[in-house]
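Chain order of the listed sequences is B and H. Using this note's numbering, read the first sequence as starting at 1 and increasing by one per residue. Using this note's numbering, read the second sequence as starting at 1001 and increasing by one per residue.
What the hints contain is simulated information worked out from the structure, not anything from laboratory work. Be aware that one or more of the hints could be misleading.
Stretches of chain H that chain B covers, calculated by requiring three or more beta carbons in the stretch to come under 8 angstroms of a beta carbon on chain B [to be verified]:
| no. | segment |
| --- | --- |
| 1 | 1254-1267 |
| 2 | 1314-1322 |
| 3 | 1392-1406 |
| 4 | 1485-1495 |
The structure presented is a predicted model; accordingly, all values stated were derived computationally and were not measured. In this text, a Cβ means the ideal position worked out from N, Cα and C, and glycines have one as well.
The chain contents come next:
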Amino acid sequence: MTFREREYVCRGRTIRLRQPDGIVALRDDPPVADVHRSVSAPQSTPAAPVGELPAEDVAAFRSAGWIFVAPATVRSARAATTTADVLIEPSGRLVLATDRLTLKMKAAAGPIEDASRLAAAGVEVVSPLRFAPGLYQCRVKPGHGSDVFEVSQRLLAEGLVEFAEPDLIGAIGPRGGERR
Amino acid sequence: MKIRFRGVAREFAALDDAVALRAPGGGRRSVTAEETLRAAGAGAAADDRSGPRFGVRLPGNERPIFERAGWAFAEATATLRERSRSRATIGNQIQAWPVIVDRGQSTLILTDLVTVKLPDTVAGQKVDEIFRTNRLELVRQLRFARNLFEARMTGAGPLDERIATLQDHSGSPFEFVEPALLQALSSRATGATPRAPHASQWQHANDGSGGGTAGADGRTQAAWSLATGTGVKVAFIDNGFHVGHPDLTPALFRGGHFTDDRLGTGAFVARGAAGIGFPVNDHGTFCLGMAGARGSSPERVFGAAPECELIPVACIDDQIGTQATLARAVGYAADPTTEEPGSARADGADIIGCSLGPNSGTWTLTSVLDLALQFAVTSGRGGKGIPVFWAVSNGTHPVADDEVCSHPQVIAVGRSNRRDQANGSAFGPKLALLAPGVDVYSTVGAAGHRGWTGTSFACPFAAGVAALVLERFPAMSASEMMVKVTSTCDKVGGVAYDASGHHGDYGYGRINAEQAVT
């Protein structure tokens, strides 16, 4: 498995991730990928090898309906399928990147004006987050040609935002242990 | 002192060295007994729980009940005695009232309220005239009997003398006048301990059974005589909850869940009364019970704050999601208006707890969750800030690698066992404290209970203790809470704590609710 390096800025620090070649993640909506939760189950979609990915995380994603496939599969996926890039954090934790990001405007001008400025930069506001001014959940506009890492870096470089961070999807489970 | 009730003179003893004080809004959330005392200049002495408090000793055991209702008792200095006598206010509208004791050694407070009955034949202006000439002010008419009123004695003068005059007035126009004495009217539950938890709940009072060490517990049962979390709202964020559990349902207040759209931008759905469609999860149910189970079911399973209100906030129900969703959950808990149109900011939580996160121990904090935490800790509770408790990883990892738990405004909680030992949770300078979290007993399923182990469960226990503290000290800020719960920990484990009182495996020690509420 070969990797390429991706990076973004999180709270002022550059975070470097490794993206394995030849694998992406898919999830249907509604999740109909249950057949892929078990390795022995018949698979209509060819699975990609996940041997070098952290097994515990892979199991958690599969349990939530995600499957790991070769990129070629994406071209035949249904419109209702969510696709995500597969990445490994410096700690070894598996995360997924989609087209979603959260950003905070450097000079918030109100939802309409902010949305207009972001649209010109190739970003569409999905919803405002009301616990801080100028804070939005966004997505990269379809057909923009750049992915979420490239867009985050460009928004920062252009000085439009205080921060723009990809909304990475990861395992956020309970911190419970064994039952009695 | 004699006061007539139903025509019979009853003996009462005046506690001449004590006065009862109460500020407007006293009780529940707004003003504590200590704050009332300080506002009245009646002394700010530390509470000596083994002896008289604030310079005055009361007979009987009603004092905590009065204090939980916002009353304070102070030594009757000349100034306070004069204010009580003249019924002038002290400082910020604090009133001082005489304290009396009945033959059964119950404490009673004499106020200016009386119940008055006039003959049925009296009507119209004559009623007004009787009130005026006897310096009474009508408060309300009690309509279950004719000419029965609640009234306030106006003007200066000792209350006991006024009552004696009204009761013994020759040619009295009244059928009767009786003072509305304030007394503690609590439930008549039987048993040595009013709130005796299930035998497996060593976290509240460890008797040394099951291989434990007596007293190696969170001291919660001992704290319940002073606070039970009444009026304090604890929000817990988890993957789901059995909101119909009988030990939890009576405590629930608002709450809701975030739908899964896989991308962190799901919709918020407010919890309906029936809880239909609410994500269910044993882990969250157990956590909620650790904080505030009411003990409603026959098993008598209680949370650390058994009278607090619980706000269940469910998100990431398939355990795969984004920190943006967690941030929204924190934002909602702090201020429901951020997600729920028509809600009120005042319905936000007083305390937030969460036991979610990767068990690998390393977690990068995003800016959006950082902003949500800052919002809660600085802007919540009308600016006093909401204490945020978070469970550290169960593995032996440095807490510092978990940027959520090591956030400077988050109280990072590890787990202790029934022998007051650290039990393999994350460690290091960022660990705030330990709380019982090994084989603790709480709520699961639709109506069940069982034992479970995890930092996950130490966290809501600590959040429940904070609810006890906030009931006692409602003006306490989030940063003051962090100091309070860490500075009152027991230095357990038989290890050497550093000069600041910290140990890498134990934080500032094992939480002690009894110390924290005093």
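Hint by hint, here is what the structure shows:
no.	hint	result
1	1254-1267	holds (count 5)
2	1314-1322	holds (count 6)
3	1392-1406	holds (count 4)
4	1485-1495	violated (count 0)
In this structure, the one hint that does not hold is number 4.
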